[in-house]
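Heads up: the sequence lines are chains A, B, C and D, in that order.
Just so you know, we're using this note's numbering here: the first sequence kicks off at 54 and counts up by one.
Just so you know, we're using this note's numbering here: the second sequence kicks off at 30 and counts up by one.
Just so you know, we're using this note's numbering here: the third sequence kicks off at 4 and counts up by one.
Just so you know, we're using this note's numbering here: the fourth sequence kicks off at 6 and counts up by one.
Simulated from the structure, these hints should not be mistaken for laboratory data.
Note that the Cβ used here is the ideal one computed from N, Cα and C, for glycine as well.
Do not take every clue at face value.
Said to hold, decoys possible - Pair ranges (Cβ atoms, derived):
| # | chain 1 | residue 1 | chain 2 | residue 2 | range |
| --- | --- | --- | --- | --- | --- |
| 1 | B | T448 | D | A104 | 22 to 28 Å |
| 2 | B | T150 | C | L18 | 39 to 45 Å |
| 3 | C | A105 | B | Y313 | 24 to 30 Å |
| 4 | D | M171 | B | T448 | 17 to 23 Å |
| 5 | A | A474 | D | S146 | 30 to 36 Å |
| 6 | B | D380 | D | V26 | 53 to 59 Å |
| 7 | A | W476 | D | E250 | 36 to 42 Å |
| 8 | C | P224 | D | L194 | 41 to 47 Å |
| 9 | C | L112 | A | H156 | 53 to 59 Å |
| 10 | D | L194 | B | E270 | 57 to 63 Å |
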Amino acid sequence: MMDFSRRAMMLGGLSAGLIGMPAMGASLPKRGGSIRVATQSVSTADTLDPAKGALSTDYVRHYMLYSGLTRIGHDLLAHLSLAERLESADRITWHVALRRGVHFHHGGELTSADVVFSLLRHKDPKLGSKMASIAGQFVDVRADGRYGVTIRLSGPNADLPAMLAQSHFLIVRHGADRPDGNGTGPFRLADFKPGIRTVVVRNPDYWVPGRPYLDRIELIAIPDEVSRVNALLAGDVQLVNAVAPHSTRRVEASPTHAIATAPSALYSNLITRMDRLPSGNPDFIAALKHLIDRPLVKRALFRGYATIGNDQPIPPFHPYYNPAIPQTALDLDRAKWHVQRGGLQNVRLPIFCGPAVEGSVDMASVLQEYGARVGLDLAITRVPSDGYWSTHWMRHPLSFGSTNPRPTADLIFSLFYKSDAAWNETGWKNPRFDQLLLAARGETNEANRKAMYGEMQQIVHDRCGSIIPVFISLIDGHDRRLQGLNPLPMGGLMGYQFAEHVWWAA
Amino acid sequence: MSAPHIEVSGLTVAVGDVPIVSDISFTVPRGQVLALIGESGSGKSTTALALMGWCRHGGRIAEGTIRVGGMVIEGKSEEALSAIRGRHIAYIAQSAAAAFNPSRRIMAQVIEPALIHRIMTREEAEAKAVDLFRALALPSPETIGDRYPHQVSGGQLQRLMAAMALITDPELVILDEPTTALDVTTQVEVLKCFKAALAQANHGRGATAIYVSHDLAVVAQMADRIAVLLKGRLVEEGPAEQVLTAPRDAYTQVLVNAPHPVPAAPVGDDGAPVLSVRGLTAGYGRVVDGMPQIPVLRDVAFDLPPGGALGIIGESGSGKSTLARVIAGLLPAAQGEVLLNGSALPPRLEDRSLDQFRTVQLVFQNADTALNPAHSVRRILARPLQHYHGLTGAAADRRVAELLDLTRLPAEVIDRPVTKLSGGQKQRVNLARALAAEPKVLLCDEVTSALDTVVGAAILALIEDLRRDLGLATVFISHDIHAVSALCDKVLVLYGGTPVELATRAAFNGPRHHPYTSLLQSSLPTMDRAWLDTTRPPILRGFRVEGLCPFQPRCADAVPGLCDAVPAPLREGDGMRWLCHHSPSIKEPA
Amino acid sequence: MSGAKTGKASLWPMLIRRVGSALLTLLLVSMVIFAIAGLLPGDAAQEALGQSATPEQVAALRHEMGLDQPAPVRYAHWLSGMVRGDAGQSLVAGMPVGAIIAERLPNTLMLAGMTAVLAVPLALVMGITAAIRRGTWIDRAINLASLSMVALPEFLVATVGVLIFSVKLMWLPSIAMVSAEASWSDTLRSCALPILSLTVVVVAQMARMTRAAIADQLDRPYVEMARLKGASLSRVVLGHVLPNCLGPIVNAMALSLSYLMGGAIIVETIFNFPGLASLMVNAVTSRDMPLLQACAMIFCSAYLLLMLVADMVALLANPRLRAQ
Amino acid sequence: MKRSISLLVGALTRAPLATRVAAGFVGFWLVLAVGGPWVAPHPVGAFVDQDVFSGLSARLWLGSDYLGRDVFSRLLYGARYTVFLGLGAALLAACCGTALALWATLSGGAIDEVISRLMDTLISIPSKILALVLVAACGSSLPLLLLICALTYVPGNFRIARALAMNLAALDFVAAARARGERKFAIALHEVLPNMVHPLLADLGLRFVFVVLLLSGLSFLGLGVQPPYADLGSLVRENISGLTEGAPAILAPALAIAVLTVGTNLLIDALKPEDKR
């Protein structure tokens, strides 16, 4: 199990230097080798601009080419990267000291100008940054000498180091309005065809000595899961992400391949809109929560590659997890009682689900199956991925959402559960929750902070219509000769950052 | 005398267990021509093809023996038969237009038998083919082989097919109705060529031949022996002279005393014409100054009194059928008008009234295509009753029964699909459908051409009866000069779309004619076995020149410097109107 | 001969007429595409910014992309560009549409071409064999086999192919990796499975049409005549029948082959083939109208071109039409 | 109608063995499509097996699928969608295509040109992409699926029907009807259409196969029938990862598609009248 004891590091004094990556295989890291990696998403919108990264392929590409100020480690905490120091007294004004002697691929040393440019460009609406709303917190970003940067926030936020670890905030060369891959990352760009492939070669001048190990990586995307696994097994690619749970048997059956899995905070949740009826009826929500056979979902849908959830977004392995909340379980009698108490017999509601949300169609099937037994008529409406997020997600009394792991509990709660959040999926409003959330940001006492987050979890579990049956584990598949792959809960392919850590032991 | 060249005994060809022909036996001495004669469905083609070991429609030689020369035909494998077909036994099909491959050059097809059987090199075969073309009197024998089938005329194709058959010097040639699809004028040429070619075949020794035909007069010209088939059985076989002059079998006697139509009582030329055609010009393609791009009919005019009968004759392509289509409205005229009861019929279908439709009824040539194969007799007849008279239900049923009775059809055919009727019955239904409209004018377009002689004669007799009983004015379009001259009050002769003669029946049956009419009449074969050898050979010089006499290039009586220089005048007199420099009575230019 | 001359003379009006109706068809296609794409929820700006975008951001990007103009204006703008030969700028990739297409068109053409090279002769052999052996067990076997081929979902065919040839035997790659640098033999090997899968998809229909066209001719008198010359059935079919049914056969083939351009989406997906069909799907999901229109125009042109070629072949194969 | 049924039965009792077998298969599927759900041992979405992709057993005749549901029951439900959607779409396409073809043929000129161009338009937009757009725009529903499948195959049917109608329109019985003063509609309905039935029927059989295929292709793209229901093609698609282990969950629906489509076509082949080829 992971060790979460070193948690004070979220504050100013971040753990210095690099994270020692415990290798899974026995062999020692080795230089050389060329691999091909396949992720699951592809688009003509594939980009070299970190700010615009939207898909796993983008994140992987960006982490290969660029470096960030911080990065998330296996302890789920932020660690320093290009920043040598990242400090704040009030958590409003932060001081960054940059590592010296770091060079861009096309020459030129990394300076404060690059960082200021890279952070401020997110605020330009024309750019279309994915992090525009978060970057709104940057009231001011100023160069402080050649290697120093001062960031002033609109309010206290202890999680800035973790936020900056996201791929969107990777550092590009100043003045690069359309970044072309010129970064300080472990690999240099050799070929890029949007929607087709990315080829990178080893950056010999990488600022981390000895890294990376591989000479060349070709990154492609194979959206079809069966094809992706077939390509792995056929030896056409050496590493894939998002292996479906029922495909793991096939990978494990191959003597030359293995899967790498990590529990994660990724979840697909059933969203009941609380500002409408009957989905806002507490009895309706309670009935639904008791209609879900979580072990069945874990077993049948995810073949065990999941962690049972309890209708709140913080997974059991998270530092702030509240273990005191009782687990909700399948209870048809209780569900029926709620249905009758709420006068919900013969309610007919469509559940919007689709391939856009992993497992949603099958979870809806489970729900429909059990719902029929207690008198709820839930009709499955499967809609295509295309347009799902703009037209269906949160738009109906019952729909499914999917939330990727976020670096901090604050981010998850702020983005999806705060009353005024744009993505307040259920549309609930809980003043106590909002108050706790704001207080936790400025709270310096770690124990108090944990207690606050614990109460927030209890409130979401009891009152919110976000139904989270399980947290879905991340499953990568790889050639056994590819070593050093140490899964990270933040995302597949070691939180998309595998490139500089793995080596080829042929 | 040596053993017969062909010996067929006890031949039975069957499809499944149903015999098509049974117990056929005959012999043919080497070098002689045996004619197989009978009506359609009598099994004459089946018998002839069995000599090649070939059975159509899944048939097989069930019983009997066939010997050609020393060769056993029955029971041979396909490979062995392929070695004989086209090499020792050759076949000349009824319709050369269909039997030639439309997409390959003629020469390639003519020499193919020689190449398949590897008896000549390509060069030798082509040289021989050119020789045969010459012998068959084909125009430009050196180059005609380079053309495609659609680029030569039907009569030429039929001769080219003879060349194809003869190129391997076969010992037996099977001719399957080889002139049936041809005009009488062309038939004469082709028959002459065939006769000469057969005699010259096999390096002058002459080929043995089987000549299949329904036309006794044609057979009389060609055959040494005649075999008569009826419903799959051989009823009489013997020397041609004997069969033609002293037939023993009752059926043969019917054939020999060919049922010529009984002349109908003429109808007086009095009363206003029910149908008049004035200066009619029609054709296909864009119309410029009243002249279509491809003119088919030029300046046609006639009158038809109520109850009268007009015959229209001419070779194929002369525009006979087009005339019927123009009157019926299927093809709008470019110029001129059609008057019905004195008032002009709109040229286009869309502008005609229901009553105008009803009054003029067209009976199509081919009942096979004119009757919708998806329908029953009842539905076909009920439709016009409902359409014109609003009759439905029991009233319509009664009228349908009446129509069947009127056309001498048995009542039980009423619910049969038309595909299950015989040819004659179909033509009667075709006629009944027209009568259902209760028309005043009946346009009969070659209504007997697809029928056997006897059946056709019965149809003609029926139409004649109906005309008399119902007072129908009838336009008879036909290539059968006998029938037209017997039945019609007036005869219009078309040549290349131009009316060259319009004669009363008396005048038409008289001795004086337009040269083209004379040619048509003299081209009709007779039972006289010497007829073919005494007819005049055809003439062809130059091409038709617009404005001049259209028949001039083929006219035996054309006067150089006159006919090829001055447009022919329209002359009138003695019950005739004709387009010629010659006066019909004298053979000198007038 | 005069036939050849008049044939040439009548070819031009026909071609001009065809080009005219082709332009009409292209216009119709672009209008239909524009209209139905208008039904789609969201637009390129929204899709590009994703879920997190604020309305102000979307509005700004929309203005940047010119999406704030009314639909007819955008269509007219696109059309006028098209008339000048400018397919416009991709809204999403920020590159000229022509450049994106140029990346993929050769791939699709190569895949379609190679499939045609394999499928057409195979279909001809199957169809001709079945026709020659009409009514025998060979005919029935080919009929059954081709029907079964038509009946199997193409993703199943492709997946079975991958499992056997890539995963099990490791003879062929499971994904198609085409790049300009790869040698011909590498490309061929890499595309072998997609080509085979597509061949299975199209060959059956072509073979059935070939057989039907030939069988239709076998009852013609000229076939009997050729047989009575002593020609074997295979000689008759190859030498006599085939030239006469070239028209319908080529037509059926052209129809099937036109499917290879835009219909190959499933094969492209399974083999990760960078072709036009997946590009078009991509254009739909990212609401990239200029790209979508360009793909539609290419598919439509390919279809029209194939049909034109088919008609020309039919015309040239038929001396009667040729001489008109 | 009664007459055509008795004709069919009569034809079948006299038909060769292969035809009767084909008819048997088709009849079997029709019965399943209508009655399948009543026979199904388990509800279509019920999770009845702990194991996934299990083999044949006495309890689960055709094993379990990728989620542990009963394959046999799902197959019975799936047959309904495939048969009815397939037949419905093929029939709809045939009706529209033939009606347009008759209209175009008998009108000729500009109307023919416009309809033909419209058909070209429809045929040159890839059907699966059209489906993608329409489903994204209108949401997935059975009527929409039916419409998409029908729309896809209208042009193909139109081409064939137009060629047939052109040939028929040149025949004398159509000229006879025109000379009788019949209106276009009556000519199309009474004279031309009855003679197109058999070739169109053969075409219908093939279109049926294509629709079944298109449906499975659409399910591949996630545009198919709504879960927990699935047509046969979707069953193949959702269980495709069982292919390596040869699970009945994928083999059974694949086989079912083959039997259904091949059977339909063999039956239609056999019903072709002898005198028309």
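Those earlier numbered hints the structure runs against, lowest number first: Hints 3, 8 and 9 not satisfied by this model.
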